[in-house]
Amino acid sequence: MIEIKNLVVQIEDNRILNGLDLKVADGEVAAIMGPNGSGKSTLSYVIAGKEDYEVLDGEVLLDGENILEMDAAERAAAGVFLAFQYPLEIPGVGTMTFLKAALNAQRKARGEEPLSTPELIKRVNAAGEVLEIKRDFLKRALNVGFSGGEKKRMEILQMALLEPRFCILDETDSGLDIDALRIVSDGVNKLRDPGRSFLVITHYQRLLNHIVPDTVHVMSAGRIVKSGGKELALELEANGYADYRQLAAE
Amino acid sequence: MPAVQDTIDRVKLIDVDQYKYGFETEIEMEKPAIGLTEDTVRYISDRKNEPAWLLEWRLDAYKRWLTMREPDWSRVDYPGIKYDEIYYYAAPKANAGPMSLDDIDPEILKTYEKLGIPLREVEALEGVQTRSNIAVDAVFDSVSVATTFKAELAKAGVLFMPISEAVHEHPELVQKYLGSVVPATDNFFATLNSAVFSDGSFVYIPPGVRCPMELSTYFRINERNTGQFERTLIIADKGSYVSYLEGCTAPRRDENQLHAAVVELVTLDDAEIKYSTVQNWFPGDAEGKGGIYNFVTKRGDCRGKNSIITWTQVETGSAITWKYPSCILRGDGSRGEFYSIAISNGKQQVDSGTKMIHLGKNTTSRVISKGIAAGRSDNTYRGLISAHRRATNARNFTNCDSLLIGDQCGAHTVPYLESNNASAVFEHEATTSKISDDQKFYCMQRGLGEEEAVALIVNGFVKDVLQQLPMEFAVEAQKLISISLEGSVG
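Line by line, the protein sequences give chains D and G.
Taking the working numbering as reference, the numbering of the first sequence is continuous, increasing by one, and the terminal residue is 240.
Taking the working numbering as reference, the numbering of the second sequence is continuous, increasing by one, and the terminal residue is 504.
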C-alpha cells in the first residue's frame, strides 16, 4: 500500500505539487488524469527518487515506511518501479546485460542471492513472449534504435522481471499504435496481483479501456481535485478538464 | 554478458580509497650515483656487461640528449622534471640478470603474487592461477627478474627474453633492429631512454610461426626516486604472428616518478603483431600529488607487405600520460590499427593518440579512441594521419569519442591530417557526450547504485575497444575502469 501525504514539491522555485494526498491500496489500479502541466510526471519522478526536485513537505509511505529518505536505487529495491514516458538509451550495454545487472543489484540490496543466468534467461524469455519481443532484441544495446512502441514494451518487460510492489506507468500509451497499446496493456494486466498496486498516469481514456482502473483521480495544479470510480474517466473524456482547472484555482 | 556484473561485484570488494597496487616492497637495491652523467651510462652498460657497440650507441644518445629540449607542445602542465635528482638504474642486490625462479628474492616473488602475476610456471600449468598459458617477463625496476615458459617457447623457435640477455645471445638481431624504428635521435624522451635503458623484453618470432601462447611483460616500479626506462623490441619475421600484453603498476608515493619507455615493433612480409597494454601506473592522489610521469614512445614498422600491427591500450593510470603508439605503413598492403581507452580522473592529464604514416600502396589504418574524463582531469586525443605521395589508395578511418563525467573536466580532440596523394581517403568522426543525469537516474530506478550506473554506462561506451583485448585482459580492464572512476560521482 502506498500513501502520499501532503506532498509539496518545487523545482527551481516553481511550486509543482501543492499538498497532494493519495492512497493506493494493495492490488489496486489507480489512474491519474489531468491536463498538461498539472504535475503528473513530477509526481512520478518524485516517488521514484529523481534528484533536482525539492520536497518541501509531506511523506511518501510504502507499507508505512517513508521512502523519501532513500535514493532511487534503494527505492527500486524496496519495490518502486517507474515505466518511463521516454525510456533512455544506454549505448553499448546489451539489454540482457542490463537486465541481469539491475535484477541482481536489487536482489543484493535485499540480501538475496544473485539469480543464475539460465534462470534469468528463462524469466526474460517468458516475459518477452507475452510482450511479443523478439529474442534478438535482447542482444541489442538497451533501447538503442528501438521504436517508441518497442521501448514501451521493454519497459513492461523490465517491470515483469523485477516484480515490483508499486508500479507507476507514466503516459505509457503515448506514441503507441492500436496493436502496441493492446500488447502493452495485456502485459500490464497479466501483472495485476493482490500484492501489487499501480498508478497509471495518462491524458486519455483510451488506455483505461485496456487497463481498467479501480479508481480514477483528477489532478490539477499539483493536487488531486476529484476522485471516483472508472466512470470518472468517461466523464472527463466527454467534458474535458475545464471544470477542474477552475476547481484547482479556487 | 556476466562481465559487467562481475566488474561491479569485484569493485565492491576493493577498498575505494586505495590504489590497489600502491604497496611497497622492502628490498635491498643496488644503484649508481644519483643524476645523469656519462659515468651513469657507463655504469649501466658495465652492469650488463655490454659489448662496445652498445656502449657507443648509448653514449651517442647521451651526448645528443644533452643538446635537446623537453617538448612542450602537448596539453599537459607539470613543474618540470629535475633530471639530476633521479636514479637511472636500480636492481635488486646480488641479482643483476636473468636467473631461475629459485634464485629470486622471495620478496619479489611475493610482490608479483600480490599483483596477480604468476611467475611460477608449475602453478600456471596446473591451472591454479587464472592466467595460465601466458608467458611472462617480469621487470622489477631496472631489471628483468623472471621469464616464464622459455623452454616451451623455444620448442616453437620463439625467442622471448630480457633484452639485456638478447644482447649477448642474439647480438646480430638486436644490432640489426634496435633503434631501427625509433632512432636514438627520435625525441627527447626516446633519446634519454636510448642512453640509459635498463631492461625490457625482446621477442623474435621466426618465419611462419604462430606464437603458441600470449606473451606478456609486467613492469613494476618499486624503488623511490627512480626512473624506469625499459626498452621493448619485437620482431615478427615473415608470415608469423604474436600477441603481446603489457601491464604496469607502481607504489603509491608523494613524489612524481619518471617512466620513459621505448617500444619498437617490426613486422616483415605477411606478419602480424597485436600489442595490448593495460597501463595502471599510480595516478597520484585526488589532489594531484605524486603519480607517474609517463612519457613513452611506441612505434611499429610494418616493414613487409601485407603485414599488420595492432595497438590496443587501456590507460587508466599515471599523473601525466604522453604517448602516441604509431604505425609506419611501409609495406604495400600493410595495415595499422589503434584501439584506445584513456580514462582520467582526479587531476590526471592525458595527451595521447596515434600516428598512422601511410608510405606504401593500398595501406589501410583504423583508429578507435575512447576518452573518458572525470573529476578535474584533462583528456586530449592527438592523432596524425598522413599519406606519402606514393601511398596510392591509402585508407584511414578514425573514430574519436569523448565522454565527460561531471563538469570540471575537459576533453579535447586534436586531429592532424596530411595527404600528399590524391587517391587517399581519410574519414574522421568525433563525438563528445556527457553521461546525462537522466541516464543515471534511469539505471538507478532499476536498482543500480550511482557508481554502478556510471560504470555500466562507461563500459558500454568503451565496448568496441574492450572487444579488441584478449579475453583475460578484457575482464581486468573492465575492473580497472570501474576502479579508476571511483569517486567521480556524487
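In short, the hints are calculated from the structure, not lab data.
Some hints could be false.
The calculated lysine-lysine pairs, modelled on DSS-like cross-linking and capped at a C-alpha distance of 25 Å, are [said to hold, decoys possible]: (1) G:Lys96 x G:Lys303; (2) D:Lys141 x G:Lys96; (3) G:Lys303 x G:Lys319; (4) G:Lys477 x G:Lys369; (5) D:Lys112 x D:Lys124; (6) D:Lys13 x D:Lys220; (7) D:Lys124 x G:Lys477; (8) G:Lys96 x D:Lys129; (9) G:Lys190 x G:Lys96; (10) D:Lys13 x D:Lys180; (11) G:Lys448 x D:Lys40; (12) D:Lys40 x D:Lys(-5); (13) G:Lys77 x G:Lys252; (14) G:Lys361 x G:Lys96; (15) G:Lys361 x D:Lys141.
Which residues of chain G face chain D? A few of them, derived with a C-beta cut under 8 Å, are [unchecked claim]: (16) Lys164; (17) Lys169; (18) Ala170; (19) Tyr338; (20) Asn435; (21) Tyr456; (22) Leu470; (23) Ile471; (24) Gln481; (25) Met485.
Simulated restraints on C-beta separations [claimed, not checked]: (26) G:Thr445 x D:Asp61: 55 to 63 Å; (27) D:Glu44 x G:Thr445: 51 to 59 Å; (28) G:Leu431 x D:Val45: 49 to 57 Å.
Backbone N, C-alpha and C define an ideal beta-carbon position, used for all residues, glycine too.
For each hint, the structure was consulted:
Distance restraint check for Lys96 (chain G) and Lys303 (chain G): the Cα-Cα separation of roughly 16 Å lies within the 25 Å cut-off, and the hinted pair is therefore satisfied. Restraint check for Lys141 (chain D) and Lys96 (chain G): not satisfied, since their Cα atoms lie roughly 58 Å apart, outside the 25 Å limit. Proposed proximity of Lys303 (chain G) and Lys319 (chain G) is contradicted: the alpha carbons are some 47 Å apart, above 25 Å. Distance hint between Lys477 (chain G) and Lys369 (chain G) is fulfilled; the C-alpha atoms sit about 23 Å from each other, no more than 25 Å.
Taking the CA atoms of Lys112 (chain D) and Lys124 (chain D), the gap is about 14 Å. The hint holds against a cut of 25 Å. Distance restraint check for Lys13 (chain D) and Lys220 (chain D): the Cα-Cα separation of roughly 16 Å lies within the 25 Å cut-off, and the hinted pair is therefore satisfied. About 23 Å separates the Cα atoms of Lys124 (chain D) and Lys477 (chain G), which keeps this hinted pair within 25 Å; it holds. The suggested pairing of Lys96 (chain G) with Lys129 (chain D) is violated, with an alpha-carbon distance near 53 Å, which exceeds 25 Å.
For the hint linking Lys190 (chain G) to Lys96 (chain G), the alpha-carbon distance of about 34 Å lies beyond 25 Å, and the restraint is violated. Of the supplied pair hints, the one linking Lys13 (chain D) and Lys180 (chain D) holds, its CA atoms being roughly 23 Å apart against a limit of 25 Å. Only pairs whose Cα atoms come within 25 Å are accepted, and Lys448 (chain G) paired with Lys40 (chain D) is accepted, the gap being roughly 18 Å. With a CA separation close to 18 Å, the supplied pair Lys40 (chain D) and Lys(-5) (chain D) stays within the 25 Å bound.
The straight-line distance between the Cα atoms of Lys77 (chain G) and Lys252 (chain G) is roughly 36 Å, outside the 25 Å bound, and the hint therefore fails. Using a Cα cut-off of 25 Å, the hinted pair Lys361 (chain G) and Lys96 (chain G) holds, with the two alpha carbons roughly 21 Å apart. With a C-alpha separation of about 39 Å, the suggested pairing of Lys361 (chain G) with Lys141 (chain D) is violated against the 25 Å cut-off. Interface hint at Lys164 (chain G): violated, since its Cβ lies 39 Å from the closest Cβ of chain D, which is beyond the 8 Å cut-off.
Because the closest C-beta pair between Lys169 (chain G) and chain D is about 39 Å apart, greater than 8 Å, the hint is violated. Hint status for Ala170 (chain G) relative to chain D: violated, with the closest Cβ pair at about 37 Å, above 8 Å. Nearest Cβ of chain D to the Cβ of Tyr338 (chain G): about 26 Å, over the 8 Å cut. The hint is violated. Interface hint at Asn435 (chain G): violated, since its Cβ lies 35 Å from the closest Cβ of chain D, which is beyond the 8 Å cut-off.
With its C-beta approaching chain D no nearer than about 4 Å, Tyr456 (chain G) sits inside the 8 Å limit, and its interface hint holds. Evaluation of the Leu470 (chain G) hint against chain D yields a held restraint, the C-beta minimum of about 6 Å falling below 8 Å. For Ile471 (chain G), the suggested interface contact is upheld, since its CB lies about 6 Å from the closest CB of chain D, less than 8 Å. The beta carbon of Gln481 (chain G) comes no nearer than 10 Å to any beta carbon in chain D, farther than 8 Å, and the hint placing it at the interface is violated.
The restraint placing Met485 (chain G) at the interface with chain D is violated, with a minimum CB-CB distance near 16 Å, outside the 8 Å limit. At about 30 Å, the CB distance of Thr445 (chain G) to Asp61 (chain D) disagrees with the hint of 55 to 63 Å. The hint said 51 to 59 Å for the Cβ distance between Glu44 (chain D) and Thr445 (chain G), and at roughly 34 Å that hint is violated. Between Leu431 (chain G) and Val45 (chain D) the Cβ separation comes to about 53 Å, which falls inside the hinted range of 49 to 57 Å.
When the structure is compared with the earlier hints, violations turn up for hints 2, 3, 8, 9, 13, 15, 16, 17, 18, 19, 20, 24, 25, 26 and 27 and for no others.
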